[in-house]
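Q: Add chain B to chain A, keeping to what the hints say.
2 protein chains.
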Amino acid sequence: MSTNVVFTIGRQFGSGGRQVGKTLAEKLGIPFYDKELIAISARDSGLSEALFSNADEKATSSIFYSLVMGNYPMASGALGVTEMPLNDQLFLIQSKTIKRLASEGSCVIVGRCADYILRDMDNVVNIFVHADLKNRVERAVRVYEVPENKAEDVCLKADKQRANFYNYYSDRKWGMCRTYDLSLDSGMLGIEGCADQIISFEKLWRAHKGQGI
Amino acid sequence: MSTNVVFTIGRQFGSGGRQVGKTLAEKLGIPFYDKELIAISARDSGLSEALFSNADEKATSSIFYSLVMGNYPMASGALGVTEMPLNDQLFLIQSKTIKRLASEGSCVIVGRCADYILRDMDNVVNIFVHADLKNRVERAVRVYEVPENKAEDVCLKADKQRANFYNYYSDRKWGMCRTYDLSLDSGMLGIEGCADQIISFEKLWRAHKGQGI
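These protein sequence lines are chains A and B, in that order. Under the UniProt record's numbering, the first sequence is numbered contiguously, ending at residue 213. Under the UniProt record's numbering, the second sequence is numbered contiguously, ending at residue 213.
So here's chain A without its partners, still in its complex pose:
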């Protein structure tokens, strides 16, 4: 097994999961990929960033909607794969980018089904960051400047979209304990505490590696 480790981070909206990943990457001195994946996938494929940005963490729309919008099936096959909804094609391209980045060395990848995409690698630690709604609403207002009277709705809808995306492209369930190796309440530990807890997990995992329960 490689001594490199890829940390994937799923997260509830407003839980600070992105910031946990960033702090973890800084502490370990390794690359961090979140929205960065959009630009890299665009560069890898020669397609526009806007295309990836628009599809980011969204499951393919219903076939009916896709037909109406004219993106199912692909009329031109411009992306090299025909008869496949646009979002699915973009997902495949982004998957390749994620696999390439993961093969290049230790890193932190936020969202985008990275845990599922990298399921055949043995040097991946899959994490989920969550927090109670009160804490998330507070953070959404403070950090993302979401209007206070809309913050709860924004959190719940974002989570629903992330769950839909994840459950559509994987055979796992978003937000279930068994989907991840470690899940953490960021309201209990804070951003820095979560990053430290993940570092502790990685050390214990390396010490135990492969010995089962």
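In short, the hints are calculated from the structure, not lab data. You may find that some hints are simply not true.
What the hints assert, rightly or not - To give a feel for the contact side, a few chain B residues facing chain A, derived at Cβ under 8 angstroms:
#1 Arg18
#2 Gly105
#3 Asp181
#4 Gln197
What the hints assert, rightly or not - Rough simulated footprint, nothing fancy, chain B against chain A, three-plus residues with beta-carbon under 8 angstroms:
#5 178-186
#6 199-207
From a predicted model like this one, the values you see are computed outputs, not experimental measurements. Just so you know, even glycine gets a beta-carbon here, dropped at the ideal spot from N, CA and C.
A: Just chain B now, kept in the frame of chain A:
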């Protein structure tokens, strides 16, 4: 806030969650309650251990079944509460025992909705221990001597019963990340590693306490 901490541990069957709790309690030098709760609840209430043992982590049967079995509604009101299924009455008695034990000092409590029962206390850390089915089956055969060809079925059915019990008596969902403060894959860390990771969590939580995300 008290400096005492109560650790509650939910667990998939075969994940070694009970052993994680026992190891944690030994490391911290605090009491450990799993099956022990049956004898204590019996002593507290003056009822027989067999009664609690039979109802242990089982949700109330359907009303139809209860009627057939003659335990709904209680004919005699022998337990001091009438018109309530037997298992619900035993659950209430066990809840009182759990609250009393938790109020007496630091301890580890396995299963039995303890996290939900203690939801109004602020010195509780709620943990879920899980592992992939392969590891759990292996452990069930090795530790509980479950026949190899039945082990998978035993694991899945036990989980189903635990989920039913938990979801029936709480307003939370068994096995969902957001139900717990920390969840861990025991196949990644082993028993000892899980206990150490929980101790690390508690330290980071004490340091951060109450500051939100």
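Q: All hints are to be evaluated individually against the structure, with a verdict given for each.
A: Against the structure, the hints:
1. The criterion of a C-beta within 8 angstroms of any C-beta in chain A is not met by Arg18 of chain B, whose closest approach is roughly 11 angstroms, and the hint is violated.
2. Checking Gly105 of chain B against chain A: minimum C-beta separation of about 21 angstroms lies over 8 angstroms; hint violated.
3. With 8 angstroms as the threshold, the beta carbon of Asp181 of chain B comes within range of chain A, its nearest partner Cβ sitting at about 4 angstroms, so the hint holds.
4. For Gln197 of chain B, the suggested interface contact is upheld, since its CB lies about 6 angstroms from the closest CB of chain A, less than 8 angstroms.
5. With 8 residues having a Cβ less than 8 angstroms from any Cβ of chain B, the segment 178-186 of chain A passes the three-residue criterion, so the hint holds.
6. Counting residues of the segment 199-207 of chain A whose CB lies closer than 8 angstroms to any CB of chain B gives 5, so the stated coverage by that chain holds, three being the minimum.
The structure fails to meet hints 1 and 2 from the earlier list, while all remaining hints are met.
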